[in-house]
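Add chain A to chain Z, keeping to what the hints say.
Order-wise, the sequence lines are chains Z and A.
No gaps in the numbering here: position 85 of the first sequence is 84 in numbering that gives the first Met the number 0, and each next residue is one more.
No gaps in the numbering here: position 72 of the second sequence is 71 in numbering that gives the first Met the number 0, and each next residue is one more.
Rather than coming from a laboratory, the hints here were simulated on the basis of the structure.
We put the CB at the ideal spot given by N, CA and C, even for glycine.
Please note that a few of the clues may not be correct.
Label pairs and their calculated CB-CB ranges [claimed, not checked]: (1) A:Ser86 <-> Z:Leu110: 42 to 48 Å; (2) Z:Phe129 <-> A:His84: 18 to 24 Å; (3) Z:Ala123 <-> A:Thr76: 41 to 47 Å; (4) Z:Pro76 <-> A:Leu94: 24 to 30 Å.
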Amino acid sequence: MTYFILFMGLCFLLGSLSVASNPSPHYGVLGLVVGSVMGCGWLVSLGASFLALVLFMVYLGGMLVVFVYSVALAADPFPEAWDSWGVFSYGLGMVGVLIFGVVLGEVWKCLGVDVMTVDSIGTASVRFDFGGVAMFYSCGVGLFLMSGWGLLLTLFVVLELVRGLSRGAIRAV
Amino acid sequence: MSFHHLCFYSAFSLSTLGLAFHRAHLVSALLCLESMMLSMYISLSIWPVENHTTPLTIIPMLMLTFSACEAGTGLATLVASTRTHGSDHLHNLNLLQC
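One chain only, chain Z, in its complex shape:
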């Protein structure tokens, strides 16, 4: 089970690598979807199930869907695929930088595979992350209201950025 959790962490890393060395934004979004699915599974295995669900619904179901159709708007109609040598060398170069850092910092000498989950010290009547997020409404109500206000402000920011009638240029998209 420990190795399954670590495998999901490794797949998360591979998803991030495919976003970084994407041949075309279509494949970058695919890597981001794979990375967020693996990250969600990683969090569920550690016991933080509410945070994993929030990641799935808000990030994957909200933000990545918007990214997918924005990529469909903005990217090439005939995208380059993974089988080009330029992309492969980019990915290899980034992994090389990573390995260089790991070797230079001597991280590989002290890598541990122990996993600490929410149930490592015993269970509670209220689950770990449910009880923590519920403090959003009691002690952290100022944070809650500030983030809600920030979201509302973002709506108006987006509206002003894409307004094209009297300011800016409008084209047939």
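Structure of chain A alone, referenced to chain Z:
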């Protein structure tokens, strides 16, 4: 360093490298930014799990909120540049080039 920490730390580093070296499209830079936010969310979620401090589970949700704001603003910038220049290719954004 445990293997978990190495995973999200190197995912963040790879995404930063991808942001620095994004090649043709503006949207691939935005995707790398989103990947940085995802790895930060995972790390902020794993940290209270390891230290068993319950109130700190608010922090990844707060970070996700502001990351959603930033993603929306970035995509609005992308749409504005696509409307003006016809595509989001970076070599078209050369208005200030002499």
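Original post:
Holds or violated: 18 to 24 Å for the Cβ distance of Phe129 of chain Z and His84 of chain A?
Top reply: violated (47 Å)
Subject >> Range hint compliance [Cβ, Pro76 of chain Z to Leu94 of chain A, 24 to 30 Å] >> reply: holds (25 Å)
Subject >> Supplied distance hint 42 to 48 Å, evaluated on CB atoms of Ser86 of chain A and Leu110 of chain Z >> reply: holds (44 Å)
Original post:
Is 41 to 47 Å right for how far apart the beta carbons of Ala123 of chain Z and Thr76 of chain A are?
Top reply: holds (45 Å)
Of the numbered hints stated above, the single one contradicted by the structure is hint 2.
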